[in-house]
Each structure stands twice: as structure tokens, then as C-alpha cells.
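Starting from the structure of chain S, add chain F where the hints point.
Heads up: the sequence lines are chains S and F, in that order.
All residue numbers for the first sequence refer to the numbering used here, where the first residue is 1 and numbers rise by one.
All residue numbers for the second sequence refer to the numbering used here, where the first residue is 1 and numbers rise by one.
Hints may be right or wrong, so weigh each one.
Keeping only pairs whose Cα atoms sit at most 30 Å apart, straight-line, the calculated DSS-like set for lysine-lysine is [unchecked claim]:
hint, chain 1, residue 1, chain 2, residue 2
1, S, Lys75, F, Lys10
2, S, Lys175, F, Lys11
3, S, Lys141, F, Lys62
4, S, Lys176, F, Lys62
5, S, Lys39, S, Lys139
6, F, Lys4, S, Lys86
7, F, Lys10, S, Lys175
What follows is a list of derived Cβ distance ranges for each label pair [claimed, not checked]:
hint, chain 1, residue 1, chain 2, residue 2, range
8, S, Gly77, F, Arg72, 41 to 51 Å
9, S, Thr134, F, Lys11, 26 to 36 Å
10, S, Lys114, F, Ser66, 33 to 43 Å
11, F, Lys45, S, Asn56, 41 to 51 Å
12, S, Gln184, F, Glu75, 15 to 25 Å
Hints in this document: simulated from the structure, not taken from any laboratory.
Bear in mind that the values here come from a model prediction, so they are computed numbers and not experimental data.
Ideal placement from N, C-alpha and C gives every residue a C-beta, glycine not left out.
This is what each chain is made of:
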Amino acid sequence: MKAVITMPNYDTATSYLFCYAEELIKFAKEKSISLSQLKRPRLRRNILEESIHNQNPQLLLFNAHGDEDTIYGDKIGSETEYLIRKGKNHEILQGRLTYARACSAAASLGRTLKSGCFIGYNQPFSFWTDTTRTTTPLKDKVAELFLRPSNELAIALLRGKCAREAADIFVNLSKKNILRLLGQQNEPGAMASAMLLWNNMTMQEVLGNEEMSLAP
Amino acid sequence: MSEKISEELKKIVLWRLETIPSHFKLSVGNQGTFTKEELKQHVEKGDPIGVVFAHMQLNFMKALASGEFSKRLAE
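Chain S with its partners taken away, still in its complex shape (with noise of 0.2 Å):
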């Protein structure tokens, strides 16, 4: 079994995503997964598509940023080089299994597959942070009610769960830390985190053919 994992580290965003691919990182070592990490300064488009292209990975797991038709890559100088895009490269992502924590790309990349399945949101995948935890994202309490999910979902996907699968982890967990929040709702915060839960949990979409899951 082998994954491509890309883990840009440029801004708050992006660091909490990137703190919490290690995590992912360090699973597939456990399990003996062959998942290829592309940080800087090897998280490059021309290396991405070498990669695809030389280990013909199952599973692509995309922490980025992303519009409807991007998934960026790492800032170069001024820039967000594009990774993935509608159009450019986009025949890259077909046959293969998605997962893109990032956001909109569902809205149309995702739906240009013609083979294969793409996890992705249709909408800005978003989260709230504590600014006293900024440098230490894995014990910022907050962002974990938005993260875990999605962790989750991409542990999922490691471990052979099918698609539909992974997806509904991610919502089901979504939805438990929902209800643990309204049990709290006098709790500052509260409902504004229950809001951009219910956004990321219904913005998910599961394109092509859900049951796609990784050959052992």
C-alpha cells in the first residue's frame, strides 16, 4: 500500500495542519504504510507529479489550501504554488483514492474525476483557534474539535476503511463534539464552534465511487 501525504507549514493554518499530519505520519509507521511526505523543500508540484507517476500511490492526502479548482503547495516567495488544478494536472488524481483537508476543492476539482473517489468540502473548510496555543497546535483544545475529525477520517482511509466509511467518522465525530457543545452552550464559544462544525460536516462530499478503500 503506498500514500503521498503533503504537508505545507507556512502560516497558522497551515502549521496546525501540518502538526497534525505528523500525527498521520507517525500511524502509517506503526502499520508499516509506505507514505511518501512531501514537505518543504521537497513540497513541490514537479516532485508531487514525479511521485505519483514513479510510486503510483493508492491514497493521496492533501493538507492544504485550496479554492474550487486548486490545491496549493508551498509559498514560494510571494506565491502559493498550486499543486493540483483543474485543467493543469488534475488527470493525476484519477483512479486514485483523495482525501483533500482543505478548502472547496470538491466544489469542482473534485467533480472533474472520472475513476477513483475524492473526499474533499465543497466550501471553506474552517476552524477556530486559541491564540494562546498558537505555537503548540496539538494542545490547542479548540482547533481539536475541528481536526480530530478530519484525522480521523484520514486515519481511516489508512487503516482500508472504504470511503463512505472514512467520510461518516469524520461526521459522526463531528456531530458527537456538536452535541458535547450544546451541552456546554452557556460556555463562551460554544455555538460559534458548533456553527463552523456544522459548516465543515456539511460541506463534506464523497465523489466518485464511495467504495473505494486501499488494496492491503
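Just chain F now, kept in the frame of chain S:
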């Protein structure tokens, strides 16, 4: 997102923002991260960040009002 925020929605969203703790910051994709005060300014201006945040709030309120929120949680 090119839509505008109605004055009524703006008032509601600004009121909701008052309830958010000052140590919370919103990370909204490649748009950046925003404090409560910054979000208030974006909503007041009705710029793209303000519109995105207002729509999130509106989606949530619609789901609460329609019963969709309770239905999905009960499923």
C-alpha cells in the same frame, strides 16, 4: 463569493460575533486567520471574508430553524 450581506444579516452576525471569546481566531482557508475584531470589520465592510463568515452563520441559523440541524444530529 460575490454576494452581499443584507443589513439585517449583518446585524445578526455582528451580534453573534460579540459572543465569541477574544482569544478565538478563525482560520478560513487561504483567506487567512482572523480575530473577532477583524471579523467584525470584514462583516461591517461586507467584503469577501465578511460574506463567507455571514454565510456560515446563515447556513447554521437556517439549519436550526428548518429542523435540519436536529434531524442530522439524530440520524
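How the hints compare with the structure:
no., hint, in the structure
1, Lys75/S - Lys10/F, "violated (34 Å)"
2, Lys175/S - Lys11/F, "holds (28 Å)"
3, Lys141/S - Lys62/F, "holds (28 Å)"
4, Lys176/S - Lys62/F, "holds (20 Å)"
5, Lys39/S - Lys139/S, "holds (22 Å)"
6, Lys4/F - Lys86/S, "holds (28 Å)"
7, Lys10/F - Lys175/S, "holds (27 Å)"
8, Gly77/S - Arg72/F: 41 to 51 Å, "holds (43 Å)"
9, Thr134/S - Lys11/F: 26 to 36 Å, "holds (31 Å)"
10, Lys114/S - Ser66/F: 33 to 43 Å, "holds (35 Å)"
11, Lys45/F - Asn56/S: 41 to 51 Å, "holds (48 Å)"
12, Gln184/S - Glu75/F: 15 to 25 Å, "holds (22 Å)"
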